[in-house]
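Q: Under this note's numbering, the first residue of the sequence shown is numbered 1, with each subsequent residue one higher.
Incorrect hints may have been included.
Distance ranges between label pairs, derived from CB positions [to be verified]:
#1 L79 x K25: 24 to 34 Å
#2 W82 x K27: 16 to 26 Å
#3 L8 x T61: 17 to 27 Å
Okay, derived cross-link-like pairs now, DSS-like style, lysine-lysine, Cα gap no bigger than 25 Å in a straight line [said to hold, decoys possible]:
#4 K27 x K64
#5 K2 x K27
#6 K63 x K28
#7 K55 x K28
#8 K2 x K23
#9 K25 x K2
#10 K25 x K65
#11 K25 x K55
#12 K65 x K23
#13 K23 x K63
#14 K63 x K25
#15 K27 x K63
#16 K28 x K65
#17 K64 x K23
#18 K28 x K2
Hints listed in this document are in silico derivations from the structure and should not be mistaken for laboratory results. For each residue, glycine too, the CB sits at the ideal point set by N, CA and C.
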Amino acid sequence: MKYVWMALALWNVITFYLCGLDKLKAKKGSWRISERTLLLCAAAFGAPGLYVGMKVFRHKTQKKKFFLVPLFLMLQLCLVIWLLMR
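Given these sequences and hints, build the entire structure.
A: Rendered as structure tokens:
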């Protein structure tokens with residue numbers, strides 16, 4: 001079980017990094033990471049990383065479809081709590 005938590009932590013670090021990288025690329029006007037990719041990363045248990053990245057980098061906070069990130073975060077937290085209580 002320890003490795004599952006480590007993998008989740010690493011995935012969230014990667015998702016956070018992707019958010020920062022996309023912000024940097026946006027400032028430079030170069031190749032971007034698609035919104036679909038960022039949302040898929042969040043949906044695949046990377047919501048905490050993307051949510052923190054959105055706040056830290058002030059990135060994608062005005063995009064309407066990114067309202068899903070807090071929803072993913074809440075669902076994932078509920079799932080983690082449920083798994084811990086079993």
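Q: Next, verify each hint and record whether it holds.
A: Now the hints, each set against the structure:
In this structure the supplied range 24 to 34 Å holds for L79 paired with K25, their Cβ-Cβ distance being about 32 Å. Take W82 and K27: their Cβ atoms lie about 40 Å apart, and the range 16 to 26 Å is violated. Separated by about 24 Å at the C-beta atoms, L8 and T61 satisfy the suggested range of 17 to 27 Å. Distance check on the hinted pair: K27 and K64 sit about 20 Å apart at the alpha-carbon level, within 25 Å; holds.
Distance hint between K2 and K27 is unfulfilled; the C-alpha atoms sit about 38 Å from each other, more than 25 Å. For the hint linking K63 to K28, the alpha-carbon distance of about 20 Å falls within 25 Å, and the restraint holds. Of the pairs offered as hints, the one joining K55 and K28 holds, with about 20 Å between alpha carbons and a cut-off of 25 Å not exceeded. For a cut-off of 25 Å, the pair hint linking K2 to K23 is broken: about 32 Å separates their Cα positions.
For the hint linking K25 to K2, the alpha-carbon distance of about 35 Å lies beyond 25 Å, and the restraint is violated. A distance of roughly 20 Å separates the Cα atoms of K25 and K65; the hinted pair therefore holds under the 25 Å criterion. Distance restraint check for K25 and K55: the Cα-Cα separation of roughly 17 Å lies within the 25 Å cut-off, and the hinted pair is therefore satisfied. The hinted pair formed by K65 and K23 meets the criterion: a straight-line CA distance of about 17 Å does not exceed 25 Å.
At roughly 13 Å between alpha-carbon atoms, K23 and K63 fall within 25 Å of each other, so this suggested pair holds. Under the criterion of a C-alpha separation no larger than 25 Å, the hint pairing K63 with K25 is consistent with the structure, at around 17 Å. For the hint pairing K27 with K63, the CA-to-CA distance comes to about 17 Å; that is within 25 Å, so the pair holds. Restraint check for K28 and K65: satisfied, since their Cα atoms lie roughly 23 Å apart, inside the 25 Å limit.
Taking the CA atoms of K64 and K23, the gap is about 17 Å. The hint holds against a cut of 25 Å. Taking the CA atoms of K28 and K2, the gap is near 39 Å; set against the 25 Å cutoff, the hint is violated.
Hints 2, 5, 8, 9, 18, counting from the list given before, are not met by this structure.
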